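Colleague: My request is simple: use the sequences and hints to build the entire structure.
Protein sequences, first through last, are from chains A and B. The opening residue of the first sequence carries number 1 in our numbering; numbering runs sequentially from there. The opening residue of the second sequence carries number 1 in our numbering; numbering runs sequentially from there.
Among the hints, erroneous ones may be present.
[To be verified] Just the calculated beta-carbon pair ranges, DEER-fashion: (1) Gly20(A) - His246(B): 44 to 52 Å; (2) Leu19(A) - Lys5(B): 17 to 25 Å; (3) Val21(A) - Arg192(B): 43 to 51 Å; (4) Arg24(B) - Gly20(A): 22 to 30 Å.
[To be verified] On the chain A side, residues computed to face chain B include the following (Cβ under 10 Å): (5) Glu8; (6) Leu12; (7) Ser15; (8) Leu19; (9) Leu34; (10) Trp41; (11) Pro42; (12) Ala44; (13) Glu52.
[What the hints assert, rightly or not] Calculated from the model, a selection of chain B residues having no Cβ within reach of chain A, i.e. all distances over 10 Å: (14) Ser47; (15) Ala110; (16) Arg111; (17) Ala181; (18) Thr224; (19) Thr241; (20) Gln315; (21) Thr351; (22) Val378; (23) Ser390; (24) Ser426; (25) Ser444.
Note that these hints are calculated values from the structure, not bench results. Note that this is a predicted model, so its numbers are computed, not measured. Note that beta-carbon positions come from the ideal geometry of N, C-alpha and C, so glycine has one too.
Here are the chains, one letter per residue:
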Amino acid sequence: MARPFRPEVLVLGLSLIALGVVWMLGNAGAVDTLATLHAWWPMALVVWGALELVAYAVDRRAGRS
Amino acid sequence: MKGAKIGLLLVILAFGSTVETAWRVRNRLGMGAWSWRMLGGRFYGPSFTFNEAQAETVTAETPVEIENGFGGVKVVQGGPGEVRIALRKVVCLPTEDKAREFAGRIQLQARREGGALRVGTNRAELERASGLAPDIGFDTHLDLVVPPGTPVKVSNAHGPVDVSDVARAEVSSSFDSVRVARVAGPVDIQARHGEVRATAIKGDLKLSDRHGDVTIEDVEGRSTVDMQHGEFVATRVGALTLQSAHGDVSAETVRGDLVVHAQHAQVRAAEVTGRATIETSFQGVRVEKVGGDASVHTEHGDISISDAGGAVDAQASFDDVTLARIAGPVTAAVSHGALRAQGLLKGARVTASGDDVVLDGFRGPVEVVAERASVRLVPAAPITDVVKVSATHGPIDLEVPAGSRFDLQARVDGGGEITADVPELSTTQTAAGRLAGKVGGGGSTVVLATSHGDVRLHGASAVAQKTP
Numbered sequence: 001m002a003r004p005f006r007p008e009v010l011v012l013g014l015s016l017i018a019l020g021v022v023w024m025l026g027n028a029g030a031v032d033t034l035a036t037l038h039a040w041w042p043m044a045l046v047v048w049g050a051l052e053l054v055a056y057a058v059d060r061r062a063g064r065s
Numbered sequence: 001m002k003g004a005k006i007g008l009l010l011v012i013l014a015f016g017s018t019v020e021t022a023w024r025v026r027n028r029l030g031m032g033a034w035s036w037r038m039l040g041g042r043f044y045g046p047s048f049t050f051n052e053a054q055a056e057t058v059t060a061e062t063p064v065e066i067e068n069g070f071g072g073v074k075v076v077q078g079g080p081g082e083v084r085i086a087l088r089k090v091v092c093l094p095t096e097d098k099a100r101e102f103a104g105r106i107q108l109q110a111r112r113e114g115g116a117l118r119v120g121t122n123r124a125e126l127e128r129a130s131g132l133a134p135d136i137g138f139d140t141h142l143d144l145v146v147p148p149g150t151p152v153k154v155s156n157a158h159g160p161v162d163v164s165d166v167a168r169a170e171v172s173s174s175f176d177s178v179r180v181a182r183v184a185g186p187v188d189i190q191a192r193h194g195e196v197r198a199t200a201i202k203g204d205l206k207l208s209d210r211h212g213d214v215t216i217e218d219v220e221g222r223s224t225v226d227m228q229h230g231e232f233v234a235t236r237v238g239a240l241t242l243q244s245a246h247g248d249v250s251a252e253t254v255r256g257d258l259v260v261h262a263q264h265a266q267v268r269a270a271e272v273t274g275r276a277t278i279e280t281s282f283q284g285v286r287v288e289k290v291g292g293d294a295s296v297h298t299e300h301g302d303i304s305i306s307d308a309g310g311a312v313d314a315q316a317s318f319d320d321v322t323l324a325r326i327a328g329p330v331t332a333a334v335s336h337g338a339l340r341a342q343g344l345l346k347g348a349r350v351t352a353s354g355d356d357v358v359l360d361g362f363r364g365p366v367e368v369v370a371e372r373a374s375v376r377l378v379p380a381a382p383i384t385d386v387v388k389v390s391a392t393h394g395p396i397d398l399e400v401p402a403g404s405r406f407d408l409q410a411r412v413d414g415g416g417e418i419t420a421d422v423p424e425l426s427t428t429q430t431a432a433g434r435l436a437g438k439v440g441g442g443g444s445t446v447v448l449a450t451s452h453g454d455v456r457l458h459g460a461s462a463v464a465q466k467t468p
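Modeller: In structure tokens form, the structure reads like this:
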């Protein structure tokens with residue numbers, strides 16, 4: 001049986017990837033790390049919310065809720 | 001909601017809060033007097049600049065007095081008969097419209113009082129005005145072009161002051177740098193927190209500064225400097241009197257007397273045509289090429305004096321004294337340190353304790369009192385003057401050049417020996433720990449006495465004639 005869709009795992013993974021990429025670009029001098037994080041960190045909440053909605057829809061279609 | 005979701009939410013919010021906090025304090029963290037602190041206030045945030053200019057017709061040599069609060073003041077020389085004033089207003093407000101409206105209320109003021117042209121702004125009135133937001137920050141930078149031969153007086157609080165090519169200058173500044181250059185007459189600078197630089201001053205210079213480095217160059221008159229917490233550098237100046245604490249001192253090419261009263265300061269002086277009087281503590285003193293007498297005192301520091309044309313008085317503790325090529329008589333006192341001297345032309349009176357005393361290539365009378373120290377004397381010429389050495393817990397070595405004439409009295413106590421390898425010595429009295437005799441038929445008095453040490457005389461065969 002496939003594991004249920006867990007948005008928080010996806011959010012955590014994507015957030016870590018994004019944080020690492022921004023940090024790396026900041027160290028390379030391509031972006032201002034703090035300015036980029038300041039501008040984009042709420043996107044983690046937006047993405048998480050969207051994924052929760054997707055998960056809810058998927059669960060309804062599968063009849064799990 | 002599952003615990004994992006709650007945990008992740010808290011982590012994201014904590015991360016976001018950290019980023020927001022870091023963003024807000026960015027560029028506003030500074031090192032305060034005691035710890036890190038947040039910088040802020042009315043002079044942070046967006047700022048807008050507005051300019052205003054004005055010209056005033058003046059007669060020759062009309063004094064110009066400038067008063068400013070926040071902002072720089074710059075005075076340069078221009079054409080005759082006119083003072084041109086440029087006011088640059090920097091207003092810290094969120095929008096340009098608001099800043100422009102406020103800048104319109106900042107007025108340049110130039111009025112004549114008591115024969116002088118007084119230049120300033122209406123800052124005081126603005127700050128007192130009712131209804132004015134107290135947290136609006138604004139700088140007023142004044143740039144003046146004055147006629148040749150203008151006496152200038154500047155009073156500023158927060159901003160750099162730069163004055164050049166004027167007849168005389170009087171500057172008072174609190175919290176920024178002061179630069180004064182090419183002044184035909186006297187200069188008076190009263191600074192508190194900022195670097196001060198004065199160059200090419202034809203008159204006398206009076207300067208005080210509490211926190212900041214001070215540099216003076218090419219001052220033809222007398223310089224009187226009182227400063228603390230900063231380094232001092234003087235180059236090509238006239239007579240100089242310096243009061244300093246907590247900062248190193250360097251004076252080079254002083255055409256006159258040099259007087260330095262310093263604390264916790266390393267002092268270096270070179271090429272002083274007059275007398276050099278220097279005292280400091282907890283640091284050393286180095287003096288090179290003094291035309292007159294040199295008096296140098298330090299506690300917990302070393303002394304080095306070379307090429308002095310007059311008498312030398314050196315007093316040090318807990319470190320060494322080194323003297324070279326001294327034309328006048330030497331008086332030296334060192335405790336817990338060594339004395340090494342070379343080329344003393346008119347003798348020395350030395351009191352030392354704790355380390356070796358070496359007089360190499362000396363002439364003239366010598367008197368040495370040493371405790372817990374060895375004494376080694378190497379004359380530059382035959383001994384014909386009085387030599388008296390009293391030591392404890394250390395040997396005495398005296399080299400006797402050929403042609404010396406003196407009466408010898410040597411004494412050792414506490415178990416030492418007296419050895420004399422001097423062919424010209426004729427012994428007149430010997431006893432346990434005692435030796436008396438004449439060298440070269442006798443002449444001046446040489447007394448060598450020590451306890452707990454030997455007395456050794458080395459003859460001409462082993463001594464080469466020395467010249468300083």
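Colleague: Would you mind marking each hint as holding or not holding in the structure?
Modeller: Right, here's what the structure says about each hint:
| no. | hint | in the structure |
| --- | --- | --- |
| 1 | Gly20(A) - His246(B): 44 to 52 Å | 49 Å, holds |
| 2 | Leu19(A) - Lys5(B): 17 to 25 Å | 19 Å, holds |
| 3 | Val21(A) - Arg192(B): 43 to 51 Å | 50 Å, holds |
| 4 | Arg24(B) - Gly20(A): 22 to 30 Å | 24 Å, holds |
| 5 | Glu8 | 5 Å, holds |
| 6 | Leu12 | 6 Å, holds |
| 7 | Ser15 | 7 Å, holds |
| 8 | Leu19 | 8 Å, holds |
| 9 | Leu34 | 6 Å, holds |
| 10 | Trp41 | 5 Å, holds |
| 11 | Pro42 | 7 Å, holds |
| 12 | Ala44 | 5 Å, holds |
| 13 | Glu52 | 9 Å, holds |
| 14 | Ser47 | 20 Å, holds |
| 15 | Ala110 | 45 Å, holds |
| 16 | Arg111 | 49 Å, holds |
| 17 | Ala181 | 40 Å, holds |
| 18 | Thr224 | 51 Å, holds |
| 19 | Thr241 | 52 Å, holds |
| 20 | Gln315 | 58 Å, holds |
| 21 | Thr351 | 65 Å, holds |
| 22 | Val378 | 66 Å, holds |
| 23 | Ser390 | 72 Å, holds |
| 24 | Ser426 | 89 Å, holds |
| 25 | Ser444 | 80 Å, holds |
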